[in-house]
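Visitor: Please take these sequences and the hints and turn them into a complete structure.
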Amino acid sequence: MSVLEVKDIKKAFGKTEVLKGISFSLEKGEVLVIIGSSGSGKTTLLRCLNFLETADEGTISVDGKLLFDGDMSSLSDNQIRENRLHFGLVFQNFNLFPQYTVLQNVTLAPTLLKKNGAQEIEENARQLIKRVGLIEKLNNYPCELSGGQQQRVAIARALALNPDILCFDEPTSALDPELTGEVLKVIKGLKSKDSTMIIVTHEMEFAKNVADKVIFMADGVIEEMGTPQEVFDNPRSPKTQHFLSKSMEEF
Amino acid sequence: MEPLLNAVKGKFMFLSVTLDLLRGFYETFKVFGLTLLFALPLGLVIAFGSMSKFKPLSFLVKTFVWIIRGTPLMLQLIAFFYGPGLLFGMRAMPRFTAVMVAFVINYACYFSEIYRGGIEGIPRGQYEAGQVLGMTKSQIFFKVVLLQVIKRIVPPMSNEIITLVKDTSLARIIAVYEIIWNAQSYIKSDGLIWPLFYTAAFYLVFCGGLTLLFGYIEKKLSYFRS
Chain A
20 MSVLEVKDIK
30 KAFGKTEVLK
40 GISFSLEKGE
50 VLVIIGSSGS
60 GKTTLLRCLN
70 FLETADEGTI
80 SVDGKLLFDG
90 DMSSLSDNQI
100 RENRLHFGLV
110 FQNFNLFPQY
120 TVLQNVTLAP
130 TLLKKNGAQE
140 IEENARQLIK
150 RVGLIEKLNN
160 YPCELSGGQQ
170 QRVAIARALA
180 LNPDILCFDE
190 PTSALDPELT
200 GEVLKVIKGL
210 KSKDSTMIIV
220 THEMEFAKNV
230 ADKVIFMADG
240 VIEEMGTPQE
250 VFDNPRSPKT
260 QHFLSKSMEE
270 F
Chain B
-2 MEPLLNAVKG
8 KFMFLSVTLD
18 LLRGFYETFK
28 VFGLTLLFAL
38 PLGLVIAFGS
48 MSKFKPLSFL
58 VKTFVWIIRG
68 TPLMLQLIAF
78 FYGPGLLFGM
88 RAMPRFTAVM
98 VAFVINYACY
108 FSEIYRGGIE
118 GIPRGQYEAG
128 QVLGMTKSQI
138 FFKVVLLQVI
148 KRIVPPMSNE
158 IITLVKDTSL
168 ARIIAVYEII
178 WNAQSYIKSD
188 GLIWPLFYTA
198 AFYLVFCGGL
208 TLLFGYIEKK
218 LSYFRS
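Protein sequence lines correspond, in order, to chains A and B. Taking the working numbering, the leading residue of the first sequence gets 20, the next gets one more, and so forth. Taking the working numbering, the leading residue of the second sequence gets -2, the next gets one more, and so forth.
Wrong hints could be hidden among the right ones.
[What the hints assert, rightly or not] Mimicking DSS-like on lysine-lysine, the simulated pairs with C-alpha atoms at most 27 Å apart in a straight line are:
1) B:Lys134 x A:Lys149
2) B:Lys134 x A:Lys84
3) B:Lys140 x A:Lys156
Because the hints were derived from the structure by calculation, they are not lab data.
Guide: Right, dumping it as structure tokens:
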């Protein structure tokens, strides 16, 4: 059974239709990479999955459980919060909490949600921070870290809640080019048979490398979907071909 | 003999003026302290009102803030003291109460705008980060946003609070005997003008202390950048 099942998601802001019916499913352990030009709806799709935006129509199910049936008004605040916990989200701008140390950033949410005992939460957080390679920065504040380091903390923070599906919204777009590598390496290192991820990115080489499944979005629809080989090496749609030739262009 | 006598008398005069002004400053301090005590929380309530998504409420609150910030505090003092009697034939409030009502409402409105600026200045990403981590609205406000708001509002707040110290002198307009009133009475009774200028020392020392305090708070909060 698919871990994530998205059916016919539609979303408009005023008169602008941003998502015009998006459907896809994802198996446990799969990495889905979404590519497409700016304004194609990639970010809005992630935000709908994380309930930061409310889709106008469509359904979202995780592990066969219907989280969203096209009508948000039937959901209480608490239900929305519970739904969100199936997903994690790493933002383009990291959005670490500036007044907390690296360790506190990672432990805050699990502590507030009373996921575990304090000691367990901290032990788990230390392990995650070690995993993203920042154990020596445990007690530093975000302003003392580079962008790449901040993004790695943000990844550890998202992992601390153990989400079913971890989403990345252009995780390296706000970084200096020399810092993108360290973040991409960490994301790639997360790939395993039980971590399901959705990554929106403009890093084509990385996408090709890490993806099990690729979606190319254009104008609010899925223009092309397939394995990296299918989408990157033999794109069928002229739009995909055009986009790829533009983004792979060498100077 | 005469000069010596004058010198001794002068010394006693200085002492008695100082004590008298201290008594006046106690009144000044009471207006200052009580205004802060009530206006700081009331300002937050007004700020939430003006940010409300319920349009009629935010319109009403914004209009109120406009009226209070758009008219002189001196006029408001007179209005609160004489207004109820003139308009409805009610008995006037005690003078000190009228001063407190006017000061608390006036300063709450100014504080509310500072709070609003501080709260609206927090990037949306901070709220969203809290949301995707499954926090409740109040957890996001108290655990994520509040300290960042405080850090942002300390400089404008300290400015406003130091202004309040000196605005307390307006209380004399409805005959509340604060320090300036006490000092001025020496002009009539003893023909002395210097006690009036002497009050500046009291204000300066007090504001100096506040400046140090706010500097300390700013420094305490400088460990993070928001």
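Visitor: Could you tell me which of the numbered hints above are not met by this structure, giving the numbers in increasing order?
Guide: Failing hint: just 1.
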